[in-house]
Amino acid sequence: MAGRRRAAAGPDDRERADYSGAVYGSLLAASVIVGASPRHDPAPAATVVALLFATGLVFWLAHVYASLVGDRQHGRRLDWPEIRSVGRREWPLAQAAVPPAAAAACCGLIGLSDATASWAALFVALGGQVGWTVAAGARAHAGGRLIVMSAVVSLLLGMIIVALKVILTH
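Mind the numbering: the sequence shown is residues 1 to 170 in full-length UniProt numbering, read in order.
Hint data in this document are derived by calculation from the structure and do not stem from the laboratory.
Careful: at least some of the hints might be erroneous.
FRET-style restraints, in silico, Cβ to Cβ [stated by the list, open to error]: (1) ARG139 to VAL58: 26 to 32 Å; (2) TRP80 to SER20: 23 to 29 Å; (3) PRO38 to LEU109: 28 to 34 Å; (4) GLY111 to GLY144: 21 to 27 Å; (5) VAL162 to ASP18: 34 to 40 Å; (6) SER113 to ARG72: 46 to 52 Å; (7) ALA50 to PRO81: 19 to 25 Å; (8) GLY143 to LEU78: 21 to 27 Å; (9) ALA138 to LEU61: 25 to 31 Å; (10) ALA102 to ARG139: 22 to 28 Å; (11) PHE53 to GLY143: 33 to 39 Å; (12) PHE53 to LEU156: 26 to 32 Å; (13) LEU57 to ALA140: 24 to 30 Å.
Cβ atoms here follow ideal geometry from the backbone N, Cα and C, with glycine treated the same way.
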């Protein structure tokens, strides 16, 4: 039903809240943390923060670009209002890097180890991923079972990332 409503929606629908970018951005942030922080030699907290912001911004730009290029095939004309609209719609992908970056920065500022900063950032990213999944389900008026099932799937994806962090080293 949501797919039918979405297909029939007008231009104002592009401005509606869409949590997919926030969920994806949180998963991306978790992946960045895992990639930057192997078990035996974690990246400094400042490096994790920089990588999170840089990756979030680059992926945001890539999504904006892909969306704009994809719309051209439907005969849509490219103009500044369209660019701004797409940029706003995709912004949650970049914003999802802020909470884990803040966690890593706070850990670094209070003198905790780089490993602790990485773990804190990872768990904040995963919490964001699950939280945005639940928020999306609630906003869509999904039933409780579907929201719980979605949260569990999101958590499982996150746990795969945690398992990779524990298992893999550089």
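Problem set entry | Violations among the numbered hints, reported as their numbers in ascending order | Violated: hints 3, 4, 5, 7, 8.
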